[in-house]
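Participant: Heads up: the sequence lines are chains A and B, in that order.
Sequential numbering of the first sequence, starting at 1, is according to my numbering.
Sequential numbering of the second sequence, starting at 1, is according to my numbering.
What the hints contain is simulated information worked out from the structure, not anything from laboratory work.
Computed from a prediction, not measured in an experiment: that's the story for all the values here.
Ideal Cβ placement from N, Cα and C applies to all residues, glycine included.
Careful, some of the hints might be misleading.
Stated by the list, open to error - Simulated restraints on C-beta separations: (1) A/P33 <-> B/A195: 28 to 34 angstroms; (2) B/K267 <-> A/S58: 29 to 35 angstroms; (3) A/M26 <-> B/E21: 32 to 38 angstroms; (4) B/R28 <-> A/P33: 18 to 24 angstroms; (5) B/F300 <-> A/P33: 44 to 50 angstroms; (6) B/E129 <-> A/E28: 48 to 54 angstroms; (7) A/E28 <-> B/R248: 41 to 47 angstroms; (8) B/N268 <-> A/R61: 50 to 56 angstroms; (9) B/G22 <-> A/A45: 43 to 49 angstroms; (10) A/S58 <-> B/N268: 43 to 49 angstroms; (11) B/E198 <-> A/A45: 36 to 42 angstroms; (12) B/R175 <-> A/P55: 40 to 46 angstroms.
What the hints assert, rightly or not - Here are some chain A residues pointing at chain B (derived, C-beta under 7 angstroms): (13) S25; (14) D34; (15) H40; (16) N41; (17) Q62; (18) A66; (19) Q67; (20) K68; (21) S70.
Chain by chain, the residues run as shown.
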Amino acid sequence: MQHPEIAVDISNLPPTTNLRSLTESMTEILIQPDGSILAHNITPAMAEALLEICPEDSALRQRVQAQKLSKNFS
Amino acid sequence: MPTPTPEIHPSRWSVQAFHREGRNSLARSRISKAWKLLENCELCAHRCGVNRLAGSTAGRCHVGNVSSIFSAQIEVSDELEVIPTFAIAFGGCDMRCGFCITGKESWSAQSGSPIAPVAMADKARQAIEAGARSIMILGGEPTLHLPAVMELSSMLPENTQWIWKTNAHGTHLARDLLDGLFDLWIADFKFGNNACAERLARTSNYLEAVQENLIWAHTDTDLIVRHLLMPGHLECCWKPVAQWIASRIPGTRVNLRGGFWPAWQSKNFREFQSSNNQNQNKEWERALEIADDYSIPLTF
């Protein structure tokens with residue numbers, strides 16, 4: 001059975017301005033009027049940055065620890 | 001939003017033996033069947049029956065025969081036991097949750113770039129070598145993309161944990177294709193009744209589809225249920241969800257998610273307009289009490 005072709009090499013696609021690039025990582029952050037910060041799709045680097053802003057956040061600290069516990073993470 | 005701090009259990013943090021030889025070949029053997037199912041698509045519980053193989057995008061999800069990826073990166077915001085994870089997100093979803101945090105990408109099947117399975121598998125391998133401890137397939141809703149998922153899974157590194165992150169709205173046809181491939185299902189149980197699902201996500205008969213999937217996943221694989229605590233939906237949604245989990249799939253780990261983000265079209269719903277942090281904190285405390293009442297094992 002023939003499949004529709006899906007194996008498109010993304011490196012050959014033109015750059016897009018309105019869509020996320022697969023070559024870049026992205027975390028979205030919402031700073032609320034009361035100063036609280038919400039974040040999702042948190043990358044390791046952003047977790048460390050957020051922990052510097054919110055050092056008392058134990059849940060965030062555990063996420064930073066997790067990446068450090070992981071086998072090769074630097 | 002205060003979050004209880006779980007203890008780190010050594011067993012959860014050891015490098016577990018997820019090397020399961022044969023998954024690549026199992027996925028490869030299902031590629032043709034997955035494509036064939038698109039001819040009369042009933043992969044999700046909407047059962048639109050459109051011919052996606054021929055390119056039709058007339059189904060509820062508007063996904064045709066091209067699968068696109070809108071994000072693929074290492075993340076640490078999922079459950080502690082799986083992070084860092086290499087998260088591969090497919091565009092397009094069969095539900096229309098007005099509060100969806102990735103609504104723009106999830107509601108559009110054209111979000112991102114068409115998947116290149118070989119290149120994506122190579123990225124996953126690099127992520128594992130860089131320290132990611134798992135690979136997570138998500139969306140949007142990945143169930144809509146099972147042909148591409150099978151192709152990708154035929155090439156993913158087998159020596160790591162594979163996670164299926166889903167809205168749990170697929171049919172048995174989807175489950176048949178997924179059976180035996182993933183180490184862990186992380187499944188949303190968003191609504192505790194069909195009226196809320198209809199109003200907030202334009203999805204009928206929600207409970208029946210989700211509960212069927214959760215019972216299957218509870219039996220067939222390792223399962224974590226996620227529930228996003230929506231402002232004003234403590235009694236109508238979280239409580240019945242907790243009650244059902246306790247009675248039908250007892251012992252299942254639940255990730256109760258606080259910190260509601262008023263994203264996408266949340267402004268269209270009155271309960272999300274009037275929400276504030278003070279109310280959310282009160283609801284969070286009550287939600288934890290409900291979890292305790294039903295002896296729900298929470299994970300974070």
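Participant: Look at each hint and say if it fits the structure.
Facilitator: Hints, verified against the model:
no., hint, result
1, A/P33 <-> B/A195: 28 to 34 angstroms, "holds (32 angstroms)"
2, B/K267 <-> A/S58: 29 to 35 angstroms, "holds (32 angstroms)"
3, A/M26 <-> B/E21: 32 to 38 angstroms, "holds (34 angstroms)"
4, B/R28 <-> A/P33: 18 to 24 angstroms, "violated (52 angstroms)"
5, B/F300 <-> A/P33: 44 to 50 angstroms, "violated (26 angstroms)"
6, B/E129 <-> A/E28: 48 to 54 angstroms, "violated (27 angstroms)"
7, A/E28 <-> B/R248: 41 to 47 angstroms, "violated (34 angstroms)"
8, B/N268 <-> A/R61: 50 to 56 angstroms, "violated (36 angstroms)"
9, B/G22 <-> A/A45: 43 to 49 angstroms, "violated (36 angstroms)"
10, A/S58 <-> B/N268: 43 to 49 angstroms, "violated (35 angstroms)"
11, B/E198 <-> A/A45: 36 to 42 angstroms, "holds (40 angstroms)"
12, B/R175 <-> A/P55: 40 to 46 angstroms, "holds (44 angstroms)"
13, S25, "holds (4 angstroms)"
14, D34, "holds (6 angstroms)"
15, H40, "holds (6 angstroms)"
16, N41, "holds (6 angstroms)"
17, Q62, "holds (6 angstroms)"
18, A66, "holds (5 angstroms)"
19, Q67, "holds (5 angstroms)"
20, K68, "violated (9 angstroms)"
21, S70, "holds (4 angstroms)"
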